[in-house]
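Residue numbers (my numbering), protein chains in the order written: chain A, 1 to 96; chain B, 101 to 196; chain C, 201 to 296; chain D, 301 to 396; chain E, 401 to 496; chain F, 501 to 596; chain G, 601 to 696.
If you're looking for bench data, these hints aren't it; they were derived computationally from the structure.
The beta carbon of each residue, even a glycine, is placed where N, CA and C say it ideally should be.
Worth double-checking, as some hints may not be accurate.
Coverage of chain B stretches by chain A, computed from C-beta distances (three or more under 8 Å per stretch; other residues unrestricted) [what the hints assert, rightly or not]: (1) 144 to 151; (2) 154 to 166; (3) 188 to 195.
No more than 30 Å apart at the CA atoms, straight line, and that leaves these computed lysine-lysine pairs for DSS-like [to be verified]: (4) A:K47 x G:K658; (5) D:K358 x C:K258; (6) A:K58 x B:K158; (7) C:K204 x D:K360; (8) C:K247 x B:K104; (9) G:K669 x F:K560; (10) A:K2 x B:K160; (11) G:K602 x G:K614; (12) F:K558 x E:K460; (13) F:K576 x F:K547; (14) F:K576 x G:K614; (15) C:K276 x B:K104; (16) D:K358 x C:K204; (17) E:K404 x F:K560; (18) D:K376 x E:K469; (19) C:K247 x D:K314; (20) G:K669 x F:K569; (21) B:K169 x A:K47; (22) A:K14 x B:K114; (23) B:K169 x B:K113; (24) E:K469 x F:K569; (25) C:K214 x B:K114; (26) F:K513 x G:K658; (27) F:K514 x E:K402.
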Amino acid sequence: MKLKPLYDRVVVKKIEVEQKTAGGIILPDTAKEESQIGEVIAVGEGKLLENGEVRPLKVKVGDKVLFSKYAGNEVKVEGEELLILREEDILAIVEE
Amino acid sequence: MKLKPLYDRVVVKKIEVEQKTAGGIILPDTAKEESQIGEVIAVGEGKLLENGEVRPLKVKVGDKVLFSKYAGNEVKVEGEELLILREEDILAIVEE
Amino acid sequence: MKLKPLYDRVVVKKIEVEQKTAGGIILPDTAKEESQIGEVIAVGEGKLLENGEVRPLKVKVGDKVLFSKYAGNEVKVEGEELLILREEDILAIVEE
Amino acid sequence: MKLKPLYDRVVVKKIEVEQKTAGGIILPDTAKEESQIGEVIAVGEGKLLENGEVRPLKVKVGDKVLFSKYAGNEVKVEGEELLILREEDILAIVEE
Amino acid sequence: MKLKPLYDRVVVKKIEVEQKTAGGIILPDTAKEESQIGEVIAVGEGKLLENGEVRPLKVKVGDKVLFSKYAGNEVKVEGEELLILREEDILAIVEE
Amino acid sequence: MKLKPLYDRVVVKKIEVEQKTAGGIILPDTAKEESQIGEVIAVGEGKLLENGEVRPLKVKVGDKVLFSKYAGNEVKVEGEELLILREEDILAIVEE
Amino acid sequence: MKLKPLYDRVVVKKIEVEQKTAGGIILPDTAKEESQIGEVIAVGEGKLLENGEVRPLKVKVGDKVLFSKYAGNEVKVEGEELLILREEDILAIVEE
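Using the sequences and the hints given, assemble the complete structure.
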């Protein structure tokens, strides 16, 4: 079963805060932090522009991304907590 | 009797939460969840762009879709509870 | 005496809730329902786009339409309660 | 002394509610009603579009028009109560 | 000493309410009235459009104008109370 | 050390209210006044338009300008109180 | 480990207030000040315009910039406090 996000939406699997990433990003207590980390597991086809064109997204499946804590919609699929964001909510790609 | 939604609106029949879909999406208690599942039963002809063109929608009749819990207008037709959403409110298509 | 709505406005005569339409739409108690049914009795020439063009409306005189309960302006003409909506407020055309 | 409204503004002289128009519009008690009737006594040269063009208005001097009760600016000129509206605030032209 | 307003701004000298203009506009008590009268003493070069063009204003120095009471910024120059408005805030030109 | 404002921002040095400018602008008590005077000490390269072009600003270094009291960001550079405004916040250029 | 900001976002490392920069910017007590200083350590590829083009940013890695105190998202990377801003939030480049 797969989620196919629409347009400029992206499906992200949150990376638990205690887990220290290879690159050393430690977010000990997300309650304090304003942002979170997650891995992109699906991307929409692109952002719908005013002239009707669709512009492909920058982020790709597998990217580790940093996003604001309050962004997106939480969903549970097959017991897995996922987040559906707009690309606009993503602050940066985390390059290890 | 049929509802023909206008422009970028979509008519969706909600899939009851207890019902476990083939693909295993379980939303035990939508009160807690922020999103819901439904089946598309009618789509508008497309989104009216600023330049007057109409851009066909991505979702099609029969698609299973995930949408934010508070989106759309509830209507009752022939005793059946339906929801009229804008395509913009749909987070993702659920592919079994 | 006739009302000629401007641009993308539409004049609608509300269909009383108890009255069961041929197609079986029953809205027993609009207080509960979020939407209403009505018949289109006049349409404006079209939506004024940003580039100054006017794009004809989709709905036509005689169409039965479903709209959100709180939309539009109520007017009384020759003792008849009418509603002036924008086409944007119409959720769907009801096809018997 | 004349008021020359700018761009898409229109000067309207309110028609008193008790007065029954030839066409039979009776608005016995505007406090209850959401809309009002008036006669157009001056119109601006047109709506300024984003591209700088001016698009002539639809309503003309002498038209009887229906507008939402809370729209526009009230002014008094030579003791006469007038209302300056945008064409956008006019719901419909009343054709006797 | 002169004020040169920028873009679509206009400098207006308020005409005192008691003073009955030749054309007979009496605004006995501006507290009640929603609009005010003034004379244009300087105009900007024009409205900056989205495409970067500047569109000359309609009002000219010397015009008597009617504007909404709460519009603009009050300034005092050489002891004289002036108001800096956008042309958009001007309801109509008062032609004697 | 210099501040180079970005795009349509402008750096202004406030002119103290007691100081009577050659042209006679006296703002005895800015608390009451809605606007303030200052001298432009740096300007950005221009306003970024929707189509990506940059349109040069009207105000120049050395201009005396009038602006709304609550506009802009206050900064202190080398002990000097400065204000960073957008050109849009400037009401007029004060020509002596 | 590196943060690659998206589109018109910029990663900035805040310069502590007590530290007097070569150019003499002293912000003794940021609590009072409305703005802050920081060094740009990464920039996005550019601002996404409505027509789908991406316009490169003005600020570059290494620039010292002045920005409003409340702008952006705070993140901690490898124990280092960083701020992710939009270029739009940057008031000026500080040239020593």
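Right, here's what the structure says about each hint:
Given as covered by chain A, the stretch 144 to 151 of chain B passes the check, having 4 residues with a CB less than 8 Å from a CB of that chain where 3 are the minimum. With a threshold of 8 Å between beta carbons, the proposed coverage of the stretch 154 to 166 of chain B by chain A holds, since 4 of its residues qualify and at least three are required. Interface restraint, the stretch 188 to 195 of chain B with chain A: holds (6 residues with C-beta to C-beta distance below 8 Å; minimum three). A C-alpha spacing of about 24 Å is found between K47 of chain A and K658 of chain G, which places the hinted pair at or below 30 Å, so the restraint holds.
As the CA atoms of K358 of chain D and K258 of chain C are separated by approximately 20 Å, the hinted pair is consistent with the 30 Å bound. Simply put, K58 of chain A and K158 of chain B have alpha-carbon atoms about 20 Å apart, close enough for the 30 Å limit, and the pair holds. For the hint pairing K204 of chain C with K360 of chain D, the CA-to-CA distance comes to about 13 Å; that is within 30 Å, so the pair holds. Between K247 of chain C and K104 of chain B, the direct Cα distance comes to roughly 20 Å. Compliance with the 30 Å bound is thereby established for this hinted pair.
Pair hint K669 of chain G plus K560 of chain F holds up; C-alpha atoms about 27 Å apart against a cutoff of 30 Å. With a C-alpha separation of about 17 Å, the suggested pair K2 of chain A and K160 of chain B falls inside the 30 Å cut-off, and the hint holds. Note on K602 of chain G and K614 of chain G: the hinted pairing holds, with a Cα-Cα distance of about 17 Å set against a maximum of 30 Å. Using a Cα cut-off of 30 Å, the hinted pair K558 of chain F and K460 of chain E holds, with the two alpha carbons roughly 20 Å apart.
Between K576 of chain F and K547 of chain F the CA atoms are separated by roughly 25 Å; this keeps the pair inside 30 Å, and the hint holds. At most 30 Å may separate the alpha-carbon atoms for a hinted pair to count; K576 of chain F and K614 of chain G meet this at roughly 17 Å. Taken as a hint, the K276 of chain C and K104 of chain B pair is honoured in the structure, with Cα atoms around 29 Å apart against an allowance of 30 Å. About 11 Å separates the Cα atoms of K358 of chain D and K204 of chain C, which keeps this hinted pair within 30 Å; it holds.
Distance restraint check for K404 of chain E and K560 of chain F: the Cα-Cα separation of roughly 13 Å lies within the 30 Å cut-off, and the hinted pair is therefore satisfied. With a C-alpha separation of about 13 Å, the suggested pairing of K376 of chain D with K469 of chain E holds against the 30 Å cut-off. Restraint check: the Cα-Cα separation between K247 of chain C and K314 of chain D comes to about 27 Å, which is no more than 30 Å; the hinted pair holds. Using a Cα cut-off of 30 Å, the hinted pair K669 of chain G and K569 of chain F holds, with the two alpha carbons roughly 20 Å apart.
Between K169 of chain B and K47 of chain A the CA atoms are separated by roughly 23 Å; this keeps the pair inside 30 Å, and the hint holds. Taking the CA atoms of K14 of chain A and K114 of chain B, the gap is near 27 Å; set against the 30 Å cutoff, the hint holds. For the suggested pair K169 of chain B and K113 of chain B, the alpha carbons sit about 13 Å apart, so the restraint of at most 30 Å is met. Restraint check: the Cα-Cα separation between K469 of chain E and K569 of chain F comes to about 20 Å, which is no more than 30 Å; the hinted pair holds.
Proximity of K214 of chain C to K114 of chain B is assessed by CA-CA distance (about 27 Å); at most 30 Å being required, the pair is judged to hold. The suggested pairing of K513 of chain F with K658 of chain G holds, with an alpha-carbon distance near 24 Å, which does not exceed 30 Å. With a CA separation close to 19 Å, the supplied pair K514 of chain F and K402 of chain E stays within the 30 Å bound.
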